[in-house]
Amino acid sequence: MRKACNPKPLLKDSIGEVVQIKLKNFPIIYRGYLISIDDWMNIHLVESEEVVNNINVGKIGEVFIKCSNVLSIMIYKRVLVSQENKGNFK
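Counting in my numbering, the sequence shown runs from 1 upward without gaps.
Please note: incorrect hints may appear among the correct ones.
[As the list claims (entries may be wrong)] Cross-link-like lysine to aspartate or glutamate pairs, in silico, EDC-like; alpha carbons within 16 Å at most:
hint, residue 1, residue 2
1, Lys22, Glu50
2, Lys59, Glu47
3, Lys77, Asp13
4, Lys22, Glu49
5, Lys77, Glu17
These are computed hints drawn from the structure, not numbers from a lab. Quick caveat: nothing in here was measured; it's all calculated off a predicted structure.
Can you make the complete structure from the sequences, with help from the hints?
Pasting the structure below:
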């Protein structure tokens, strides 16, 4: 069984990463770089794009999402591969 995770430290550690925010009452997803998150878990994204009903509407730039509108958050972690280990994957 998985241990419970406190989302605030996880999100604060993910500043600068690409995140995907799914809204509660709308079929809208925002994907962009997480710039900041406050104590109420309001989210600030830049270089964002909007996806409505699985159709990419386009880039919208900077967006601020109120915490009460958020259904789910997906964090895309960057994986850094050193030059030495680059050829070792099969």
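Hint-by-hint comparison with the structure:
1. For the hint linking Lys22 to Glu50, the alpha-carbon distance of about 10 Å falls within 16 Å, and the restraint holds.
2. A distance of roughly 7 Å separates the Cα atoms of Lys59 and Glu47; the hinted pair therefore holds under the 16 Å criterion.
3. At most 16 Å may separate the alpha-carbon atoms for a hinted pair to count; Lys77 and Asp13 meet this at roughly 10 Å.
4. Restraint check for Lys22 and Glu49: satisfied, since their Cα atoms lie roughly 12 Å apart, inside the 16 Å limit.
5. With a C-alpha separation of about 6 Å, the suggested pair Lys77 and Glu17 falls inside the 16 Å cut-off, and the hint holds.
Hint violations for this structure: none, all hints satisfied.
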